[in-house]
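Engineer: The residues making up each chain are set out below.
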Amino acid sequence: MIGRRTFLHTSALAAAGLVIGFDLGRDPADAQPPPPASGVWTPNAFLRIGADDTVTIIAKHIEFGQGSHTGLATIVAEELDADWSQVRVEAAPADVDRYNNLLWGRMQGTGGSTSIANSWQQLRQAGATARAMLIAAAARTWNVPDGEITVERGVLSHAATGRRATFGELAAVAATLPAPSSVRLKDPKDFRLIGRRGPRVDSRVKTDGSAIFTMDVQQPDMLTAVIARPPRFGARLKTFDGSAALWVKGVTDVVAVPAGVAVLARNFWAARKGREALRLQWDESRAERRGSPELVAAYRALARRPGRPARREGNPGRAIAGAARVLEAVYEFPYLAHAPMEPIDCAIHLTRDGCEVWAGSQVPTLDQQAVARILGLPPAKVRVHTLLAGGSFGRRATADSDVAAEAASIVKAIGGRQPVKLVWTREDDIRGGRYRPLYVHRLRAGLDAAGQIVGWEHRIVGQSIIGGTPYAPLFIKNGIDSTSVEGASTLPYAIPNLGVELHTTDVGVPVLWWRSVGSSHTAFSTETFLDELAHAAGRDPVAVRRALLGRHPRHRAVLELAAQASGWGAPLAAGRARGVAVHESFGSVVAQVAEVSLGADGLPRVHRVVCAVDCGIAINPDVIHAQMEGGIGYGLGAALWSEITLQAGRVQQSNFHDYRPLRIDEMPAIEVHVVPSAQAPSGVGEPSVPPIAPAVANALFHLTGQRVRRLPFARLAADGARA
Amino acid sequence: MVTLRVNGVSRVVDVEADTPLLWALRDALHLTGTKYGCGVAQCGACTVHLDGQAVRSCVTPATAAQGRDVVTIEGVSGRVAQAVQDAWRRLDVVQCGYCQSGQIMSAVALLAEVPRPSDADIDAGMTGNVCRCATYVRIRAAIHEAARTLGGAG
Chain A
1 MIGRRTFLHT
11 SALAAAGLVI
21 GFDLGRDPAD
31 AQPPPPASGV
41 WTPNAFLRIG
51 ADDTVTIIAK
61 HIEFGQGSHT
71 GLATIVAEEL
81 DADWSQVRVE
91 AAPADVDRYN
101 NLLWGRMQGT
111 GGSTSIANSW
121 QQLRQAGATA
131 RAMLIAAAAR
141 TWNVPDGEIT
151 VERGVLSHAA
161 TGRRATFGEL
171 AAVAATLPAP
181 SSVRLKDPKD
191 FRLIGRRGPR
201 VDSRVKTDGS
211 AIFTMDVQQP
221 DMLTAVIARP
231 PRFGARLKTF
241 DGSAALWVKG
251 VTDVVAVPAG
261 VAVLARNFWA
271 ARKGREALRL
281 QWDESRAERR
291 GSPELVAAYR
301 ALARRPGRPA
311 RREGNPGRAI
321 AGAARVLEAV
331 YEFPYLAHAP
341 MEPIDCAIHL
351 TRDGCEVWAG
361 SQVPTLDQQA
371 VARILGLPPA
381 KVRVHTLLAG
391 GSFGRRATAD
401 SDVAAEAASI
411 VKAIGGRQPV
421 KLVWTREDDI
431 RGGRYRPLYV
441 HRLRAGLDAA
451 GQIVGWEHRI
461 VGQSIIGGTP
471 YAPLFIKNGI
481 DSTSVEGAST
491 LPYAIPNLGV
501 ELHTTDVGVP
511 VLWWRSVGSS
521 HTAFSTETFL
531 DELAHAAGRD
541 PVAVRRALLG
551 RHPRHRAVLE
561 LAAQASGWGA
571 PLAAGRARGV
581 AVHESFGSVV
591 AQVAEVSLGA
601 DGLPRVHRVV
611 CAVDCGIAIN
621 PDVIHAQMEG
631 GIGYGLGAAL
641 WSEITLQAGR
651 VQQSNFHDYR
661 PLRIDEMPAI
671 EVHVVPSAQA
681 PSGVGEPSVP
691 PIAPAVANAL
701 FHLTGQRVRR
711 LPFARLAADG
721 ARA
Chain B
1 MVTLRVNGVS
11 RVVDVEADTP
21 LLWALRDALH
31 LTGTKYGCGV
41 AQCGACTVHL
51 DGQAVRSCVT
61 PATAAQGRDV
71 VTIEGVSGRV
81 AQAVQDAWRR
91 LDVVQCGYCQ
101 SGQIMSAVAL
111 LAEVPRPSDA
121 DIDAGMTGNV
131 CRCATYVRIR
141 AAIHEAARTL
151 GGAG
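Chains A and B are the protein sequences, given in the same order. Our numbering puts the first residue of the first sequence at 1, with every later residue one more than the last. Our numbering puts the first residue of the second sequence at 1, with every later residue one more than the last.
Keep in mind that the hints were calculated from the coordinates and are not lab data. Virtual Cβ for every residue (Gly too), placed ideally from N, Cα, C. Hints are supplied without guarantee of correctness; some may be wrong.
What the hints assert, rightly or not - Quick list of simulated restraints, FRET-style, between CB atoms:
| no. | chain 1 | residue 1 | chain 2 | residue 2 | range |
| --- | --- | --- | --- | --- | --- |
| 1 | B | D51 | A | D187 | 57 to 63 Å |
| 2 | A | A678 | B | V9 | 55 to 61 Å |
| 3 | B | V12 | A | T54 | 37 to 43 Å |
| 4 | A | G599 | B | R79 | 34 to 40 Å |
As the list claims (entries may be wrong) - One side of the interface only, derived from the structure: several residues of chain A facing chain B at Cβ under 10 Å:
| no. | residue |
| --- | --- |
| 5 | R153 |
| 6 | V155 |
| 7 | A159 |
| 8 | A160 |
| 9 | W269 |
| 10 | L388 |
| 11 | G391 |
| 12 | R426 |
| 13 | T469 |
| 14 | P473 |
| 15 | Y634 |
| 16 | M667 |
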């Protein structure tokens, strides 16, 4: 989501030279290699080598399922020539200087599918530098030239003398040597780990119950806290009576905090029962009281009026007015909750001289600063332990560090007496806002007599995710929040007259990025509307896309690969149809062909999805396959079932029975093809999400003759397709 | 006080009578491999074995487990469990991993009952276990793989 183009440009230059200066940060502690402490050598901020040959890679990015720990470790181990079996991964502490996301400035963060992309050169250099120092150590120890030493799978060798030594054996000598000012990176043809399937580093702990998530943090005397939150967004606490709650056995405290009223107890069950016993009065004078139907009606009215231009080429209005045929469609997209499996949570402990925080946060340094502010501590006194997170999909990346701030306010309210673990229940999560915004899109396009698209006009109406956050200067230009229009304003098709406009609305429902952000809605409207135009022109949807993608060879390549692998055009079993979609997000391009039938309930049954992805150099193809599979499932679940609706400002859903996730019997077979590439790697965590819903909708059209204008598909049965 | 036999060991647990088994395991016995996901038996993250049957511990009162054998992910063992965990690792099923204790406990119970499950059997046996990372393709493949290895050995 940040500066992909700039970054790719820079890294392309770097790749051309392959010899780069190396500076891991401004921490003076790093300027001199520290002496080995208890047999451990720390050549730089990303790597430790133990006398026992253990290679520990320090991951500055959170692991929440996307495989970042495995991918980051693969890059370091590749340049180091370590053996995969000796590699371990440890989460980095919060540190804006050493562990910042290179695409985000002075902020440590995981998001926008940037983990591998921003770490690629940095970690290659980290590994290559340590390797060079190990070689120098061997050369000095054996009194032979550097150039005669080879490194393979964690062992250095000198062929002429038959000498061999492991990393651990040479670590103590390497630690006394200066780091080289520049290093030579491997030629990709010599990669031994990159491009091959290395097993995930976290499979074992996640299959025997020993993986520790924030929910699992235990500290002596730790209390569990739950918060009673207002019934409508924007309401404030007027009065509360916690006396009945305090009678619940195990409840220790009832305290007012900015988010509501926190109930603390010796265990979760008591805290929850205590919360139910609270008597609360809310001031709702400034609360958002509109419901989803009112918002949709207001948005549809706005969509009829010109908005602020996000992109304009030629004169779309005139081209459409003069077209032989004009098509128009209005789309509705609901609020969506992220609903990660691990409900959001944060543990905190006020110590004598600072504070410890345990969280699976996407933005640990923002949390560090928020906690420091609330507790009146310097940020350096807030020690953040980043743990594995049980999913997030964007929810654990809030600009105001909502969860860490709540935890800090609670521990402050009890005077830091005991450590506290704040837990959101599933109901809190589903009702707690921070949703993917509700949007309405209006698309109009004109076809000439030959069926060519001569004009395209796309209006988007919805809340800004970025407005009011510190990211605003980065993402909002000329009043356009790029995350509202991405995927639409970046439409790759060669259409001579093209306009994209935005109406940004003001609604009191807190919103947030949701896996694939703007592309979670723009891919649907653009890819289904283009399909509709192809059909109106009597042309094949793949052929139309191919013809319009002349300037986008990566799009064309994935489209052709997916079409060919899916047997596009070949006959299917009776009652089945194929639909296609292609979309770029976060620097990666994905095409999907979905094979669909119509279920007895009138909803699509997706049998098979063929997916082609171009994400640059494939660090670990199996992780890429997993992300394509998972993103398709996540996107399909949302498209089939998920919507958060408001009635008079109150959220109507509460748990997985009415905010329905995808289940195993709805998961299609998935076939993934990764396009070979020599380009720097881009992300895979999000780009597989956008194409699935439009691919399914396009297939469904062939079965029913109806176009889907409103998500989720479950609405089809309820109120039919609307134009 | 509730007396529970968990992973073969008898434990006296100081919890209120209405406490679900899930919170007795997690908060009192510190067995955190069993997860809280929804609290209403909708997601399966809390799945444990009660006398060999997969149950949702978030809606099973701890008192209902007295006098019965409770097995959690930390203690699950035997040929079937080993085959399932091995298959999960070989195929790198996990992503975020939070639901996987429950997935594995359900898969072990399924295979104990249906040694060679069809896709439909897997759908029926696993549909109560939600994975928001949607690792379902690999869960299905790993169950088939575990069934194959068990069949081969027997």
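Engineer: Regarding the hint that A/G391 lies at the interface with chain B, is the smallest CB-CB distance below 10 Å?
Structural biologist: This hint holds: A/G391 lies near chain B, its Cβ roughly 4 Å from the closest one there, short of 10 Å.
Engineer: Quick one, is the A/V155 hint okay against chain B at 10 Å, beta carbons?
Structural biologist: Since chain B brings no Cβ nearer than about 26 Å to A/V155, farther than 10 Å, the hint is violated.
Engineer: That 55 to 61 Å hint for A/A678 and B/V9 (C-beta), does it hold up?
Structural biologist: 57 Å, holds
Engineer: Holds or violated: is there a CB of chain B closer than 10 Å to the CB of A/A160?
Structural biologist: Result: violated, 41 Å to nearest chain B Cβ.
Engineer: Mind checking the CB of A/T469 against every CB in chain B and telling me if the closest is under 10 Å?
Structural biologist: Constraint on A/T469 not satisfied, violated at 25 Å.
Engineer: Under 10 Å is the threshold here; is the Cβ of A/R153 close enough to any Cβ of chain B for the hint to stand?
Structural biologist: Since chain B brings no Cβ nearer than about 21 Å to A/R153, farther than 10 Å, the hint is violated.
Engineer: Can A/W269 be said to touch chain B, with a Cβ gap under 10 Å?
Structural biologist: It holds, given that the least Cβ distance between A/W269 and chain B is near 4 Å, below 10 Å.
Engineer: For the hint on A/P473, does the least C-beta distance to chain B fall short of 10 Å?
Structural biologist: Violated. Min distance 32 Å.
Engineer: Is the hinted range of 57 to 63 Å satisfied by the C-beta distance from B/D51 to A/D187?
Structural biologist: For B/D51 and A/D187 the Cβ distance comes to about 60 Å; the hint holds.
Engineer: Any CB of chain B closer than 10 Å to the CB of A/A159?
Structural biologist: 36 Å, violated
Engineer: Return the status of the interface hint for A/M667: holds when the least beta-carbon distance to chain B is below 10 Å, violated otherwise.
Structural biologist: 4 Å, holds
Engineer: Could you tell me whether the CB distance from B/V12 to A/T54 stays inside 37 to 43 Å?
Structural biologist: Taking Cβ atoms as reference, B/V12 and A/T54 lie about 40 Å apart, which means the hint holds.
Taken one by one, the earlier hints fail for this structure at numbers 5, 6, 7, 8, 13 and 14, listed in ascending order.
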